[in-house]
Structure formats: structure tokens, C-alpha cells
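Chemist: Please build the complex by placing chains S and W on the supplied structure of chain Y, with the hints as guidance.
Residue numbers (our numbering), protein chains in the order written: chain Y, 1 to 258; chain S, 1001 to 1432; chain W, 2001 to 2338.
Among these hints, one or two may not hold up.
Claimed, not checked - Taking beta-carbon pairs under 7 Å as the criterion, some of the chain Y residues facing chain S (in silico):
hint : residue
1    : M1
2    : T78
3    : I80
4    : S81
5    : F122
6    : E230
Hints are computed from structural coordinates only; laboratory data are not their basis.
The C-beta atom is built at its ideal place from N, Cα and C for all residues, glycine as well.
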Amino acid sequence: MTVAGIDIGSATTKAVISIDGEVAGKAILRSGVNPKETAEAVLSSALGQARIEKSGLDRVVTTGYGRRAVNFGADVVTEISAAARGAFFLGYPWGKPKLVVDLGGQDTKVILLDAGGGVADFSMNDKCAAGTGRFLEVMAGILEVPLDELGSVSQRATAPVQINSTCTVFAESEVISLIARGTTKEDIVAGLHAAIAGRIMTMVRQMGGYDIFFCGGGARNSGVCRALEELLGHRVYVPPEPQFVVALGAALIAAGPA
Amino acid sequence: MTDIPREFDDRYRKHRERLNVSSIAAEYEQFAENHLRSIRSVPGRPVSMACFEEALLSSIRGDSIGSPEKPVVGVYCNFVPDELIHAAGAVPARLCSGSPSAATVAEEYLPRDVCPVVRSCFGHIAVGAGLAKRAAVVVVPASCDGKRKLPGFLRDYLDVWVVDIPGRRDYATDMQVWLRETKLVRSRLEALTGRRISYDDLRESIILYHRRTEAFRDLVDLRMRYPHILSGRDFMLVTNASFAFDVRSWTDAVRALLGELKRQAQEKPASPAGFLPLVLTGSPIIWPNFKMLSIIEEAGAAIVADTLCSGTQRLFDPVQVDEWTDEGMMRALALRYFSASLCPCFSDSADSIDRVLELVQDYSARGVVSHNLRLCQLIDMETSRLRTVLRDRGIPFLGIHTDLSQEDREQVKTRVEAFLEMIGGVSEPYGG
Amino acid sequence: MRLTITFWRRFTQVVCFALLVYSGFIFVRSGRAAGNDSRAETDGSNLRVSSILFTGRRAPVIDAYPPGAVCYFVKDRGLVKGCNIFLISDALTRRTPLSLVLPAVLVFIILSFLVGRLWCGWVCPLGAFGDLIDAIRRRLRIRHAKISDGARQGLRIASYTTFFATSGLSFFIGLRQFSYLQKYLYLPFCEICPARLMCPVVAGGSPGFAGGFATTAHCIFTVLLYGLLAFFAAGFMAARRVWCHFCPIGLATSWFNRGGMLELRKEGTRCNRCGVCVDVCPMGCTHIRDEKESELLSRHECIYCLRCVEFCPKKKCLRLNFFGLKLVESWLRPVKAH
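Okay, chain Y solo, but in the shape it has when bound:
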């Protein structure tokens, strides 16, 4: 069965093509202002990679914020169910996941899975930027550090600072004054990682303490992973290409029940 899953997020849009259970193609684009066009573009890109035509798709499932934007006969599913399905399929190297954290560009999800991979409980933060990828994006901009280097920068920290502001905007001001005071970038970045890990932990604590399957764009930041592991007390596993987990899940859902 040839299926496609499209995750239309507010920051980035991802598509995954699966042919008989194998990933054949995937693509990612920044979402921009027109989710419909972006979705079509990312799907074409993935189709190109998989070397099949759109008509060759048996089914398409869309998910994410813009899941209803497309009009080419797709079914919809929420990103929570898609993330759960994708995470359970990929699994940990040491077994099946129980707790999934998706650190997206503009929202964060924590999902508790049951033994069969279904969603047992979930918690979402899509109202406050402080616990999402946006927080890191803003801070990377101020510190003039490329987003994908934040992890390695924080590794060199000697005395991580404590960020006191709960709000991204106020944290911005706090960081600026820290810079002015001469605090090293490494220490600030480490502090920021601790802050965002703390926000995630508030949601995780509601679900219980388990190893975390960490996905979404934000999971690529090794600094956040380390900070999370420290606070959590359990292992944090980041799959290769964590941004595609949700789109993969949507594709798997298109293929049929687990």
C-alpha cells in the first residue's frame, strides 16, 4: 500500500511517503503563510524522492495545525495520534516507548502511551511560547548563535545561569542584560536549555516518570536533551530525523490500524 502523511505545522511542513511499510520519500519546508501551497509543494518533493506520481497514492492523511487546509481528498487526524503512532513504530533501541515528547516550532506535546501504542493521556502547550521551539529560535537570534549549534555551545558551559522570566519576551530582556553583564554565551544557552526543559517537565510530571521518546524539531538540540535527562531522571531517546516522526505516524495511520 502506498500512502502519504503530511504534517502541516505552523513552523514547518513535513511529508513522508511510505510504500508497503517502508519509508520511500520525505521532505520538509518552512510553512509560510499558505499552508495549502506548502503542503502541495512538500508532497511533490517527497513524491519526487519516492519516484511515484500523486495518483499512485492509495491514501493521504494530513495532520497538524493546517490539516484541514488541503483539499485533495485527504483524511485528517490530530498530531497527537500521529505522534503516538510514529513513536511507537520507531520505538526505543531498548523497547517500546511509554512517554512521547514532541517539541515543535510553536507547540509542545506530551503523550502517554498504553501498552498497545494507543494514546492513554496527553497534554499540549500551544498557548505559551516559552515551552516551545520558538523560545529557542528567539534566543538564538539574540545570541547570534545558529539554531543548530545551540546544543554544542551549551556543552561548553561552566556555570549555567538561571533564567527567571516565565515569558519568552521577558526572558529576551533578561538575556540581553546578562550579555551586557558579561555572562558567557555558553552559560546563557545552558540556562535557556534548563528553562525550556523545566517547562516540558511541568507537563511530563502530570503523566508520570518514564523514559522519553523525544521528537519534533526541538529534539535535535542535544543541550535540551541533556537538560531534560537531568531533570527527569530517566533516559531521553532522540530518533534519527525527529522532525518527521509525526508525518511518519500520519502515513502509518493512512496505511491502516496498527
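Modeler: Frame of chain Y; chains S and W shown alone:
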């Protein structure tokens, strides 16, 4: 919007001049009409719902209710006996408001971090929207923190009576207080209308309202047997209509609705395929703000039972009179309006959690949804307890934190849809 | 007239009253010796039968002592032999052999175990008469007083005191050296019991001792007799079944109320603690409302009048079980205004 009575306008002109009253009131009516339009677009609704819709629209407009001989007594919550107000020759009107524009009015006067319903209630009165402009007095129970301080703000606009609510809800220690408060309300009503509530007046009122309860119970029972027969939104329209509907007319309307529903149940006794019954609990959902209900029902689930004070809990408990003496009737009123209440303002939430469990069992519900208005500590704390209890029993639970504004519809929708996928299984995603 | 639980209870009370008090006249029995009880001659006890209230009897229809104030002293003996206080006092004084007493006691225990204090609520003639007084109070629209927990406990203590004092005295006067006291102290509680005044009088017979001031003993008993009678009547007139908290006759049955075959049960999740049950309970049981952990609600005070079940506005919340089978449960009844 129909005309503001002169006395009201004179008294509050100074305040109201600072507010753009007419635009706020117009917004309020528009909001109500939009909501009604979306509800009316659902196919297969019972014809008898029309009179409830009419009643709700006219209460938004504040159309003729009450008169100089029959003053309107505004109340909040469900702690003041309608029977007493009726027996005194006045008209009871529950003034709880769900309008987000009224809540924004209050921003000028009340602090920001106050329950949105309390702010909306204040704004409602400050603007003189709907029924508020007709009220001679408003009775405020000191149930939650917000309502405890609200009287101080409302006194600028109306006469306010405060009703004390001890937090314990213990029969042995609090019955005296309940009785005292009920008697206080009674004597104030008598002073307001200028006539004593006689034994016969009270007796007749109690019997009249008992018939209202019986009609309502019959409706609830019918829904228990055939949960698909009336949607959650329509049911809430019925209960919200009782806020300010003449009691005889409301009872007759419910009986008519029952007749029609019974006929429909004969034709379609089984629930449709894919029927997802849910129990709703939490903060009140007040007309015209049915956002939560619309989102849930449009996503494909059905609210078959609820514990809302603006829903089932408003009308469910009867006034059980043991001895038809004056004292006996007052006791029965006190018991029904205080002791039977499941409001989270009481310290012990065991009974309200039990009620949720009972409903889940009786209606074979697939899950529980809690509608939590932000800044309501009482509901939030109850919800955490409820969550633990439900988790221990393996009953799926969804907690939604929201407020009266309409801006977070998409976010609430995502959560609701994820929850439905969770309990319904994701084998067949529904069409986009 | 609606066929509510209370209707059936009133009906049962009336029928039982009639049977217990009047059936001495109705039923024809094999004649036994009239006049003094034959046992007085054959059991060799040293009972001097000329006590202040002993009068001659015929044999009853049913040779048993059921729970409730089924008075021994009704004219022509009535349906049954008497109440348990009579049984105990009489047996202790006469030193009746165990082989005669034990079966009677066992029958009593079994009857109590079967339905507990249902006897008090549905059968007892004293209770029935009291409920008549209560009905007059309701008709006159006089409101009833609430009895505090402390007062109720005090009454129960008084009940125990009376019971054991009666038993102790009865045993005491059975001793040879004190047998002269039997003239005054035989059946000490019967001498002051309101049932012993009421039942024979209502049956048209002599009440036995009806007061008098001949001796000091007479004076004391007269004061106690009319004091208790006043407490009984005033109690029912002002505070519903307050007498039943004190009643020493019901005390023995109350020991078997919980753990018997009849059970008042509540489904905890269905209760919202509205408190109507406590308000209508003639015995003032608060635990009906408050108890949510345990399903079983029967306690020593409950007389199974079932008003709580009748008035409870929740469906299937309160119920009465017999031998584990549900007999009746609560539901919302339409309003009845009289």
C-alpha cells in the same frame, strides 16, 4: 435592543456614559443569534425546541419580564429558592452571563485575574444588557472568591443581597445557617414586594416548581434510555432557558418536547453507529456561549450527561417536603438549595466526583470532559482530584482550560479531536 | 390515597395492633385454666402472686415472645405471650428452668435476627399508638423538635440502665431472703411501662396497677409510671420517635439490627448528601446521609420505617434488602400535597 427602563438609566447614566453600551449590547445579541444559527443548522432537531430558542432570544433582549407589581429579582448560581421569589409575587431571573464582550467591559473596573464568568456578570449589569436592566435587586451568594467580592462592585448599580454559603456542607452543623439564610431571603422578599408570603403562597409555589422538577426528571430519564434523542446543545438550551422563563410555560414546553421525543424514540430506538457518549463536568456553560458544546458535538461526540450548574444540576434536585408546615417547607427549601448542591465552592468534592462516576455508569459514557474556565481555582482543584479518580478506574478524561473568548477554538478543537481519536480508536480518521 | 411504603406501614401497624391487643377475643383456643397462671402451682417457685399488678390470665394464641411492646397484660391474653422484658423479669424472678426459658429466648432472637427493629417500626403497638399521636401532631401542623446527638446517647444509656436494673432487681427478688419484696418489685418495669397502661385499657380491660399512694413503694411507682407515660406521650407529640431511643423493650432487638437478614443499604456513588433522609428520619439517624464508604446502613437506632427510602430523590440510592434480595429502593415520587 429594547428600551432601558428610565429608573435604571437615570441611576447609572454616569457610569454608562463611559461605556459604549449600545454596541456592546448589540454585540451580545449578535453573538447569541450566531450561536443559535449554528445550532439550528443541525438536521433532525425536535420542533418543540423552538419555544426554548425564543425564550432565550428574548432574555438576551431583555424583553418584557416583570412589571411594577412583579419586580424581577436577579440571582446568581442556584442557591436562592425560585419558589420563595415566586411566592412573594416577584419574578426570578438568573443573571449569570457567558458573554465575552461583557467580560471585557469589566476590565475597566475589575482586576484582570478574576474568573471570566464573574467579570461577565459584572459587565452584564454595568451595561444593563439583557435581563439585568429589569432587575430590581440582585442576590449574590458568597459561593466563590469572585462572587464574594462582586457585591461591592455591583452596589454601584443595583441593590444587592448577599447570601452566606458555609464551605463545609455538613448537615449537622450547617443546617441552621442554611435555614437562616433562606429565612433572610424570604423576609427581604417580603419587604421588596410589600406583602407577606403566606402559607398557601409558599405551598402553591413549591408544588408548581416540583412539577417543573418532575418534568425535567422525565426528560433526563428519557435521555438515559435513549441518549441520542436530544443533543447536548439542545438539552443545555432547555436548561438555560429556565433561567428566566415563566415556570408554568417552561414546564409545559418540556412536556411538549417530551411528547415529541418519545415519538421519535419509538421510530429510532437505537443509537446511531459511531455514537460517542461523553459526560461533561466543570465550569458553567452559559447561553449564548456554547463554544465548548459546539466544538465537542461538531467533532462527532455527544454530551449525554453533565454536572454543570447551568445544566442538569440546576433542576435535578426536588424540594422534598416532609411536613407541610411553614417550618417544614422552609427546611425542605434549605436542604434542596444548599445541602444538595454539588458546587465546587464546598470543601469536599467527593460527592461531585461520585456524581460523575454515577453518570458515566448510567449513560455508559466513553469518557469525561472537564470544561475549566481559567482562573477558577475551585474547579481546577476539583479537576485534579477527579482526574486521579478517573485514572484509577480507567475512565478516559480530557481537561480543557479555556475562557469565554472565541479565539482559542482551534486549540480546543485539536484537543477534543485528539481525545476522540484516543477513545474511538484511530483506525478510521474522519473526513476533513 | 397513594400506595406508598408509609401507607403499607400504617396498614400493617393497624392490623398488628388489632391482632396483638384484641385477638384474645377473636381466636378460640383450647381452654386452659382461667384465673391464676397454672405455672404458679407446678413450678415450685416461691412466687407470691399477689403483687401490685398481677392478674389472672388465659393462655395466648401463640406461645412466643416476639419483639416489640406486645403486652402480656391485655385482656384475654391477646395473640402472643408478652414482651422480652416480661420474659426476662419473670424468668429471673421465678427461676424458671432453662429448658422452658431457652426456647422462648431463642425464638425471640431468631425473630429479631430476621427483621431486626422492623418490629418496632411496623408491628409494635406502642409504636403504632405513638404514631397515632404523631399523626395528630402533623394534622395540627405542630412542628417537631430535633433531638441532639447527646440527648440520644443519653437516652440509650438510660435504656441500658433500665434494662439491667430491671433484670438485676428481678433476679434479686427471686432470692429466698428477699422474696417478700415480690409484692412490690415483681416485674419492675411492667409496673411503670406505658404499654402496660395503654394496651389493656384499649382492650377494655383492667390496666393492673394504675397508680396509687398506699405505700412508699406505690408512690414511687406512681411517679415513675406517669412520668414515663408523660415522656412517651410528650415525646411522640413533640419529637416523633424519641421514646424508641429509650425503650428498653426494643433494646434487645436493637442488638440484632445490624448483621440481621434485613438490611438498609446505600449505593455510595449515587448519594449527593442532600440530607432529606436525615430530615425525615423519626429516629434522627445522621449516618444515612454521611456514610458513603460502607454500603450497610443498619444501626441500632433504625426502626426500618423506610421514610428515608421513600423520600430519597435519587434513583436506586437507598434500598432495603432481605436475605440479600432487594425489596424496595428509592426513586423520585411525584409531589403529594395534602
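Chemist: Should the hint that T78(Y) touches chain S count as held when the rule is a Cβ pair under 7 Å?
Modeler: holds, 4 Å
Chemist: Is the interface hint satisfied for S81(Y)? The criterion is a beta-carbon contact with chain S at less than 7 Å.
Modeler: Given a least distance of 4 Å, the restraint on S81(Y) holds.
Chemist: Mind checking the CB of F122(Y) against every CB in chain S and telling me if the closest is under 7 Å?
Modeler: holds, 6 Å
Chemist: Is the hint on E230(Y) kept, meaning its closest Cβ partner in chain S is under 7 Å away?
Modeler: E230(Y) check fails; min Cβ-Cβ to chain S is 27 Å, beyond 7 Å.
Chemist: Holds or violated: M1(Y) as interface residue toward chain S, Cβ cutoff 7 Å?
Modeler: Hint on M1(Y): violated, closest Cβ of chain S at ~14 Å, above 7 Å.
Chemist: Holds or violated: is there a CB of chain S closer than 7 Å to the CB of I80(Y)?
Modeler: This hint holds: I80(Y) lies near chain S, its Cβ roughly 4 Å from the closest one there, short of 7 Å.
Hint compliance for this structure: hints 1 and 6 are not met, and every other hint is.
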